[in-house]
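For the sequence shown, full-length UniProt numbering puts the final residue at 867, and the numbers step up evenly by one.
Careful, some of the hints might be misleading.
[Stated by the list, open to error] Ranges between beta-carbon positions, derived for each pair:
1. Glu801 <-> Tyr151: 49 to 57 Å
2. Ser633 <-> Gln382: 20 to 28 Å
3. Glu126 <-> His237: 34 to 42 Å
4. Ala364 <-> Gly256: 44 to 52 Å
5. Leu394 <-> Glu168: 23 to 31 Å
6. Gly256 <-> Gln357: 27 to 35 Å
7. Lys444 <-> Lys585: 53 to 61 Å
8. His135 <-> Ser617: 27 to 35 Å
9. Val542 <-> Cys470: 23 to 31 Å
Because the hints were derived from the structure by calculation, they are not lab data. Keep in mind that this is a model prediction, so the values were computed, not measured. Glycine residues also receive a C-beta, built at the ideal position from the N, C-alpha and C atoms.
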Amino acid sequence: MGLGLRTGVTWSMLQCRRQRLLQLGLASLPRTIFSKTGTWVGKAENKYYVLSMFPYPSGKLHMGHVRVYTLSDTLARFHRMLGHEVIHPMGWDAFGLPAENAAIERGEMPESWTYRNIASMKQQLEHLGFSFDWHREFATCDPAYYKWTQYLFLKMYEAGLVYQKKGEVNWDPVDMTVLADEQIDESGKSWRSGAKVEKRYLKQWYIKTTAKAKSLYEGLSEVDQGLWGDIIQLQQHWIGECDGTRLQFLIKSTDGTQYEPLDIYTRTPEAVYGVAYVALSPQHQLNDDKLQKNTSEHDSEVLLSLRAVHPFTREEIPVIVSASTEFDEFNDVQLGIPSVSEHAKELADKLGLSYKQVLAKNSAGEERLCNSDELDGLTRSQGFEAVLAKAQKLVVGGDRLSQRLRDWLISRQRYWGTPIPVIHCDNCKAVPVPYDQLPVELPKISTFTGRGPSPLAQQEDWINVTCPKCGGPGKRETDTMDTFVDSSWYFLRYLDPHNTTEPFSRDAVDSGMPVDLYIGGKEHAVMHLYFARFFSHFLHGVGMLGVREPFVNLLTQGMVMGQSYRVKGTGRYLTPAQVDFSGEKPKEKGTGVPVVTQWEKMSKSKHNGVDPEEVLSQFGVDATRLCILSAVSPQANRKWSNEAFTGVVRWQGRIWKLVGNCIRGVSREDKYDAAILEEWEAKLYEARNYTVKEMTFQCSKTFLLNTAVTRLQSFSSVLGKVPAGVAHNSDLYKQCLADLTVMLAPLAPCFASELWAGLASVCNQDTLPQYNWKESVLRQQWPQMDSEYKLPLVLKINHQENGSVGVTRDVLDSLTSDLAHSLVQQVPKYQQYCKGQQFKSIDFTVFPGYQAVINIIPEKKASVSSS
1 MGLGLRTGVT WSMLQCRRQR LLQLGLASLP RTIFSKTGTW VGKAENKYYV LSMFPYPSGK
61 LHMGHVRVYT LSDTLARFHR MLGHEVIHPM GWDAFGLPAE NAAIERGEMP ESWTYRNIAS
121 MKQQLEHLGF SFDWHREFAT CDPAYYKWTQ YLFLKMYEAG LVYQKKGEVN WDPVDMTVLA
181 DEQIDESGKS WRSGAKVEKR YLKQWYIKTT AKAKSLYEGL SEVDQGLWGD IIQLQQHWIG
241 ECDGTRLQFL IKSTDGTQYE PLDIYTRTPE AVYGVAYVAL SPQHQLNDDK LQKNTSEHDS
301 EVLLSLRAVH PFTREEIPVI VSASTEFDEF NDVQLGIPSV SEHAKELADK LGLSYKQVLA
361 KNSAGEERLC NSDELDGLTR SQGFEAVLAK AQKLVVGGDR LSQRLRDWLI SRQRYWGTPI
421 PVIHCDNCKA VPVPYDQLPV ELPKISTFTG RGPSPLAQQE DWINVTCPKC GGPGKRETDT
481 MDTFVDSSWY FLRYLDPHNT TEPFSRDAVD SGMPVDLYIG GKEHAVMHLY FARFFSHFLH
541 GVGMLGVREP FVNLLTQGMV MGQSYRVKGT GRYLTPAQVD FSGEKPKEKG TGVPVVTQWE
601 KMSKSKHNGV DPEEVLSQFG VDATRLCILS AVSPQANRKW SNEAFTGVVR WQGRIWKLVG
661 NCIRGVSRED KYDAAILEEW EAKLYEARNY TVKEMTFQCS KTFLLNTAVT RLQSFSSVLG
721 KVPAGVAHNS DLYKQCLADL TVMLAPLAPC FASELWAGLA SVCNQDTLPQ YNWKESVLRQ
781 QWPQMDSEYK LPLVLKINHQ ENGSVGVTRD VLDSLTSDLA HSLVQQVPKY QQYCKGQQFK
841 SIDFTVFPGY QAVINIIPEK KASVSSS
């Protein structure tokens, strides 16, 4: 190692030695404690779990993969240097329709296509030098994994959170499966097949995510508010304000025909004893022409030959179709309660329907419930809670939720997915498969010949089974689960990946959870994040998991954008080779038609994708890593251009030269002035401590690795200005150069390894004892600031920054809230706004290696501007 630096190899010559540098980058094994089975057994207080969203094995990495895994690898390596026991796993989100369709097109099985892609993508990830814990690897299509997905499904079934019912679904007539709303484009077509999506009413399996709505809404207060940012608002908007509930009403016709029950949302459940009718919108599925209509078709209200059964009293209530009722966009059915709605009163009177007044004011003018059985005398808020409790006891609803939230439809009518572990029996209806018969494995099928009904529905030997309950004939459920089910708990399996007796042990997940940093695309920050949080809340509730919220910090990286070219007018995309750039504006070759250029998400159809293999071949692993980390924040979209490599490669060359000069100049006796040496060492002292402070803060708190790169570039610029005589005779300069290399290592491990090997050839424990020169740079400890270096103690008044005082690092390490309060009293703005006041609150926070903040809210709130 380090031969390049010691033999005079230039940086440009070293560009040809990428494979060797790659091997250096892979040489560092994660510092994680494992049992013989791979189970995490480290100490929870010293762990750091950094998780990147696992990929779908398409067979080829794209630049988005490179970006997200470079981020996670950099931060994993940083925390190892801090001494943390890092968990940094990788696996494969391997089920789904894309694999099935690809197998159909190629005339092969999804399994072989998927595992071949996994092997290819794993090799590509290894070539990038990512330090994943590969012993934790699994694919969700492995029966050893989806056995436990089925196990958790049955646990939810036992808890009453899984059910089957008819519902309106999005149906893809080409792929012949149900689609989620997010799988349909703005023109109403399937994003996968391109077919126009149809609305159908089908019997489907649901997970009752609405049961945890209030818990999921409140749990957002437990995550890091700063880093989650607008994701909290997205989650809150998805869940909605939990100010009502759903109550289940059985539906039957006058001839005794039973219909699917209606789950009806209401914000006034306390008035449920005063329901006069159930109103359907004209578009509701129960508004069927075959139903008897008891009023004129010209009326705005139509009385149907249906009755709704009150969930508490069992009384039969009229069902009407109402054109005059205002239905919201989320619900096409309403309870008509005259006591709380003037419109409902007018409509009931118009139709001659009887009802009870269930609200009355007492002598003190307080509104109380009446004619409501056991609720009589309660306030409305008391009645609200009482109805919810009663409905839950009777299993007819009662969960506190919003009007917009729906349960999770998980049925998919395809083959390549986790089989739903249920057997249908004529006598016993739906019967869960016993735990000791898991996994219910997918049957082996010889070939896929084309799109159509699920192959599972055609496997008679697999379908026909014995009912576990009565021993009679039964049939397996042929729907498979939405792949979001598999990806809603994978982060827990990583902590106990080889457990054969349960999904994970409680000790393993309690030691490793929660995930300290979750990294992935913002497009998954609603559905996937919501479902994963639901699983955690459920598992916490049944005692299988000690934490409720699974992810503390969330880093949603932006997309990597490529430049696309479209023919003006038609919108047809062109390859760069089809564009004439010779003129002032680009035109299509051959036709001369103007071409519109813009930055868009990389896509094959837009001809604007970049093959990571080509980039690595041209620029190398570490230049690619540094390029994708620099210039823009991780959360921002990245416009990809090879021009960005120019600055990165030049910077690497400057660092290479600094280390090379250090090695060659060790034995030289350059003249230097003691005063100049003292002056430069003062500058180096400040630059080193400032850079360590900033790097630590950016890597541990903000995760703005672009800023971290900028800080290192500034630091190297300072070192580049140091006179040769000072550089060759200053141990502090050599310490700065070593620290630069160590701090560069998480970002560019191969390059830093080569630099470190060169430094180690001329440095030793006597002159620089803070490093272990016998170990690689990847096993060095993260640099520390000098104990006497002053750091800011920031004063905030009413959450606005209003000055600071400097405190040394050793004081900051032991700083208390009371001491911090006494120190900031010397700040002028404190004297102006806080002196002599009482305080509503004083919040004190220390950020790792950076600064402390004390936020003071005076009793008498003043208008304080930021200084």
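Here is what the structure says about each hint:
1. A C-beta distance of roughly 51 Å is found between Glu801 and Tyr151, which places it inside the suggested range of 49 to 57 Å.
2. The hint said 20 to 28 Å for the Cβ distance between Ser633 and Gln382, and at roughly 50 Å that hint is violated.
3. Range check, Glu126 to His237: about 40 Å between beta-carbon atoms, so the 34 to 42 Å window is met.
4. Between Ala364 and Gly256 the Cβ separation comes to about 49 Å, which falls inside the hinted range of 44 to 52 Å.
5. Distance hint check: the CB atoms of Leu394 and Glu168 are about 26 Å apart, consistent with the given range 23 to 31 Å.
6. For the pair Gly256 and Gln357, the beta carbons lie near 32 Å from each other, so the given range of 27 to 35 Å is met.
7. Restraint check, Lys444 to Lys585: a C-beta distance of roughly 58 Å satisfies the suggested window 53 to 61 Å.
8. About 29 Å separates the C-beta atoms of His135 and Ser617, a value consistent with the hinted range of 27 to 35 Å.
9. Distance hint for Val542 and Cys470: a CB-CB separation of about 28 Å, consistent with the stated range 23 to 31 Å.
When each numbered hint is compared with the structure, a violation occurs for hint 2 only.
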